[in-house]
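Enquirer: Now for the letters of each chain:
There are 2 protein chains.
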Amino acid sequence: MSLKTPRTRLQRLPKRGAHDFATIAAILDEGFFCHVGFVAGGQPYVIPTGYGRKGRTLYIHGSFASRMLNELATGIPMCLTVTLVDGLVLARSGFHSSVNYRSVVVLGTATVVEGEEKGAALEIISEQILPGRWADIRWPTRKELKATLVLKLRINEASAKIRTGPPNDDEKDYALKCWAGVVPLQLTPGKPVADSRLPRDVPVPEYARKFPRQGRKK
Amino acid sequence: MSLKTPRTRLQRLPKRGAHDFATIAAILDEGFFCHVGFVAGGQPYVIPTGYGRKGRTLYIHGSFASRMLNELATGIPMCLTVTLVDGLVLARSGFHSSVNYRSVVVLGTATVVEGEEKGAALEIISEQILPGRWADIRWPTRKELKATLVLKLRINEASAKIRTGPPNDDEKDYALKCWAGVVPLQLTPGKPVADSRLPRDVPVPEYARKFPRQGRKK
Numbered sequence: 001m002s003l004k005t006p007r008t009r010l011q012r013l014p015k016r017g018a019h020d021f022a023t024i025a026a027i028l029d030e031g032f033f034c035h036v037g038f039v040a041g042g043q044p045y046v047i048p049t050g051y052g053r054k055g056r057t058l059y060i061h062g063s064f065a066s067r068m069l070n071e072l073a074t075g076i077p078m079c080l081t082v083t084l085v086d087g088l089v090l091a092r093s094g095f096h097s098s099v100n101y102r103s104v105v106v107l108g109t110a111t112v113v114e115g116e117e118k119g120a121a122l123e124i125i126s127e128q129i130l131p132g133r134w135a136d137i138r139w140p141t142r143k144e145l146k147a148t149l150v151l152k153l154r155i156n157e158a159s160a161k162i163r164t165g166p167p168n169d170d171e172k173d174y175a176l177k178c179w180a181g182v183v184p185l186q187l188t189p190g191k192p193v194a195d196s197r198l199p200r201d202v203p204v205p206e207y208a209r210k211f212p213r214q215g216r217k218k
Numbered sequence: 001m002s003l004k005t006p007r008t009r010l011q012r013l014p015k016r017g018a019h020d021f022a023t024i025a026a027i028l029d030e031g032f033f034c035h036v037g038f039v040a041g042g043q044p045y046v047i048p049t050g051y052g053r054k055g056r057t058l059y060i061h062g063s064f065a066s067r068m069l070n071e072l073a074t075g076i077p078m079c080l081t082v083t084l085v086d087g088l089v090l091a092r093s094g095f096h097s098s099v100n101y102r103s104v105v106v107l108g109t110a111t112v113v114e115g116e117e118k119g120a121a122l123e124i125i126s127e128q129i130l131p132g133r134w135a136d137i138r139w140p141t142r143k144e145l146k147a148t149l150v151l152k153l154r155i156n157e158a159s160a161k162i163r164t165g166p167p168n169d170d171e172k173d174y175a176l177k178c179w180a181g182v183v184p185l186q187l188t189p190g191k192p193v194a195d196s197r198l199p200r201d202v203p204v205p206e207y208a209r210k211f212p213r214q215g216r217k218k
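So the protein sequences, as listed, match chains A and B.
So that you can map any letter, position 82 of the first sequence is 82 in my numbering, and since no number is skipped, the others follow by simple counting.
So that you can map any letter, position 53 of the second sequence is 53 in my numbering, and since no number is skipped, the others follow by simple counting.
If you are wondering where the hints come from, they were derived from the structure by calculation, not from laboratory data.
Check the hints yourself; a few may be wrong.
The list treats identical chains as interchangeable, and a pair is accepted whether it falls inside one copy or across any two copies.
[To be verified] Mimicking EDC-like on lysine to aspartate or glutamate, the simulated pairs with C-alpha atoms at most 20 Å apart in a straight line are:
{"id": "1", "residue 1": "K172", "residue 2": "D29"}
{"id": "2", "residue 1": "K146", "residue 2": "D86"}
{"id": "3", "residue 1": "K143", "residue 2": "D173"}
{"id": "4", "residue 1": "K4", "residue 2": "E114"}
{"id": "5", "residue 1": "K177", "residue 2": "E206"}
{"id": "6", "residue 1": "K143", "residue 2": "E114"}
{"id": "7", "residue 1": "K210", "residue 2": "D29"}
{"id": "8", "residue 1": "K177", "residue 2": "D201"}
{"id": "9", "residue 1": "K161", "residue 2": "D86"}
{"id": "10", "residue 1": "K210", "residue 2": "D86"}
{"id": "11", "residue 1": "K191", "residue 2": "D201"}
Just chain A, with the same shape it has in the complex:
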């Protein structure tokens, strides 16, 4: 199933692009925060926020007072972009130096999530960020649910862009005595820092050590 449209067709380096749902879903599943674009007063804004995916649906959430969410809730066009940075590509020239990354751009309009789907969506977002956590925490109260705005965006129109592998240098530059290759990068967890009010006999849960998430499957 292709999510390609005239708007998500890749104009630059289309060989690095993909429009199939499986590729797009795999990138979305490895990330947990996105950058959402919307327009207000003629000005585009790009705001980072968490997200969750289930099937063809992406969920985002925030305060009922969030300007971004309230703007999006009116059904204006939005863009949701997820980028995973995989490494620095050290070519022998500036021109061919690059970054290895995988990104997904989803276009569409959001709708407000209500009723039972609202609590389920919050679980999906939580599990996207840290799988396993939801079972351990206190779930939202009715008051908290009321204070939270949840939106969903269907993945109908999207593209992925991927760069992998070593530098692609000009043939003559391979003769240069300049180190070249890739420095892999990964969002990596440090040692968990317990809250100062946590009783000493509560162990760090396994899921808090489960990063890195690379290659994780749903």
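The hints should help you fit chain B onto chain A, whose structure is shown.
Expert: Then chain B, alone, in the frame of chain A:
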């Protein structure tokens, strides 16, 4: 010097916000890739790309054929957002679970960089990504410069948003036997992977091991 305007005033949780240039510059200097927002045909797009900062100026670059850069070069409103994800905040409830992060949003319009500033801008972008690299690589040829579009955005209107520290749980939730605290996250380098065509006697440069960049100063 404040970069606060009605458009960069923080409407949600203003206590987490800042508008002073020093705070904004420090966040920008720790990152090296941003998400750029622009509007084409009424649709907002959010695209990841590298950037560099010098003083009050941000530079981005790409192919002369880049749709994004060509749109921005016409002087349409843009948004450039940089987000550093510092950790997962594991609160005792879903409602107070969060992410520690530092982000900067810069609004404005871009102008095309030409002449001597163009080569200098490419060095600034390269040094932002990997300080020290520029001295080792082959610099751009006239033909490469011609094939590259460089834009600059002045940092005149901007905001920072920062969340740090442990979870802020509801008082009664502190009694729960649920692990709570922070899992720090950092973009961390793996072992450099030499290009297959690199002679064996070329050592890995020091700067390729210098990540993590946290706390780096210009």
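Enquirer: Now tell me, hint by hint, if it's right for this structure.
Expert: How the hints compare with the structure:
no., hint, in the structure
1, K172 / D29, "neither (40 Å within a copy, 34 Å between copies)"
2, K146 / D86, "neither (38 Å within a copy, 29 Å between copies)"
3, K143 / D173, "between (63 Å within a copy, 15 Å between copies)"
4, K4 / E114, "neither (30 Å within a copy, 35 Å between copies)"
5, K177 / E206, "between (46 Å within a copy, 15 Å between copies)"
6, K143 / E114, "within (14 Å within a copy, 56 Å between copies)"
7, K210 / D29, "within (15 Å within a copy, 29 Å between copies)"
8, K177 / D201, "between (56 Å within a copy, 9 Å between copies)"
9, K161 / D86, "within (13 Å within a copy, 25 Å between copies)"
10, K210 / D86, "both (18 Å within a copy, 16 Å between copies)"
11, K191 / D201, "within (17 Å within a copy, 37 Å between copies)"
Consistency note: the structure conflicts with the earlier hints numbered 1, 2, 4.
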